[in-house]
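Input sequences plus hints: build the corresponding full structure.
Each chain, written out:
Number of protein chains: 2
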Amino acid sequence: MPRQITAFSNPLVKQVRGLREKKNRRREGLFIAEGLRILTEAREAGFVPEILFYWEHAQHPLLEALIADIEAGGGDVIETTSDILHKLSGKDNPQTVLGVYRALDLSLDRIDRAAAPLWIVAQSLRDPGNLGTILRTGDAVGAGGLILVDDCVDPFSVEAVRATMGALFTQRIAAASWEDFVAWLRGGDGELIGTSLKATHDYQEPRYRKPAFILVGNEAQGLPEAYEAECDLLVKMPMLGKADSLNAAVATAVMAYEVINQWRRE
Amino acid sequence: MPRQITAFSNPLVKQVRGLREKKNRRREGLFIAEGLRILTEAREAGFVPEILFYWEHAQHPLLEALIADIEAGGGDVIETTSDILHKLSGKDNPQTVLGVYRALDLSLDRIDRAAAPLWIVAQSLRDPGNLGTILRTGDAVGAGGLILVDDCVDPFSVEAVRATMGALFTQRIAAASWEDFVAWLRGGDGELIGTSLKATHDYQEPRYRKPAFILVGNEAQGLPEAYEAECDLLVKMPMLGKADSLNAAVATAVMAYEVINQWRRE
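Order-wise, the sequence lines are chains A and B. Take the first sequence: its position 92, counting from 1, is numbered 92 in my numbering, and each next residue is one higher. Take the second sequence: its position 61, counting from 1, is numbered 1061 in my numbering, and each next residue is one higher.
Some hints could be false.
[Stated by the list, open to error] Derived contacts from chain A toward chain B, CB cut-off under 8 Å, selection only: (1) I51; (2) P94; (3) R136; (4) D139; (5) A140; (6) G142; (7) G166; (8) G241; (9) A249; (10) I260; (11) N261; (12) W263; (13) R264.
[Stated by the list, open to error] A few chain B positions that, by computed beta-carbon distances, are all more than 12 Å from chain A: (14) S1082; (15) E1191; (16) A1199; (17) P1211.
Worth flagging that the hints you see were computed from the coordinates, not collected in a lab. Ideal Cβ positions, reconstructed from N, Cα and C, are used throughout, including at glycine.
And the structure:
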């Protein structure tokens, strides 16, 4: 049975609120996702929160299904007030449900490259919105997941989780150093495809093979030269205006759709 | 000659700081852009700020060129401290230059559709990052500009200007009601292309004609049905995963690159 928490001073409220900070997420191995839509996507992908907070007046068949699954798994279901949901989420208009999940295992050896024809690799991606948008794009193009290389934004930050709109749970995520990633990549099949201003080949020229690994660089700096040198293919998109770069998530999507469009024609 | 302002209480500091709020921007007809790179893009596109604040220790040939242009036009050039730049920009690590510009005229009759083969139309776009990213994409694909329909985020907000990375000054921007936009559109050549989950045609099927108007809907709701009904072409992108939509800026970019890729092959 759900229990009620209505006191701001409740230790669990303090603990969960603390998960908005990276150091607490890391220490506790937990993160927050909000909203019935995202929590339902998670549930359908096999992820059930350890703790659920829901608004005392919320009513929805999907919420009932979620509660049943959590209780069946021995999780903690808590009915609460909008004030506490506001406190937990930090938003003026909080969602009516908030789940606390066990952090996903980000080790590279969990990635089975044969499971999908396309993977996205992001290097030092700093913006949580870009990370979320790239994961969401990955889902749309049938990618297997996202490999975060070097010092990327935390995929479990509240902002990143929000921006993924659920794709956090449907895409695999890994994190690794560049050296470890390259060693892993070269231990099997796969072409590494980078986009670069210095490339001589138009991105529509090559015939892309499976599995394809699309590499996107940091928002401000792009890819380091040594990383470009490691790419099997270095291509550029037409830039017809004054600007010399696209937003990182946009470039990833334009590249990924070209790759799958080629495969759709085969 | 540049003058110095070092006092927080200076009325101009208060006035410019106030431009972070929409009601003040509207009343004064001014907006802020930050960073030597964006201000230089603006200058190259013919836009010189009315007021320039720059950090007292900043030194750069492009800054000198900017100052010369502003002074030649009778503008106000102010040398100041990093504390005041921090106060003006609201950022912890403010840029070393900040320009105050006269708001651009957003009337639809300033748009010459014959000036470019491609235009982007956004309906009730709410996110300043998306607006900036779409303008930047517009620049990259050789679009003429962005037409904001209905209740969109203010393109002159500090966040939107930042996200455009200068494309605010190289792309035309207009704002109009849907009715006024449709009346204007139908007064000349042009196909209106919408993306929709309900579309039956793949986005790579049609042959796109010039001028093409790509219509993107609100981030959460997509396009209203009546707006979809007005489109000459309604197309969909392949969605291979669980998600039912792409980020608005990503969808715009994928669509726009398809259109220009077709034209590149002709």
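**Asked** Of the numbered hints stated previously, which ones are contradicted by the structure, given in increasing order?
**Response** 1, 2, 12
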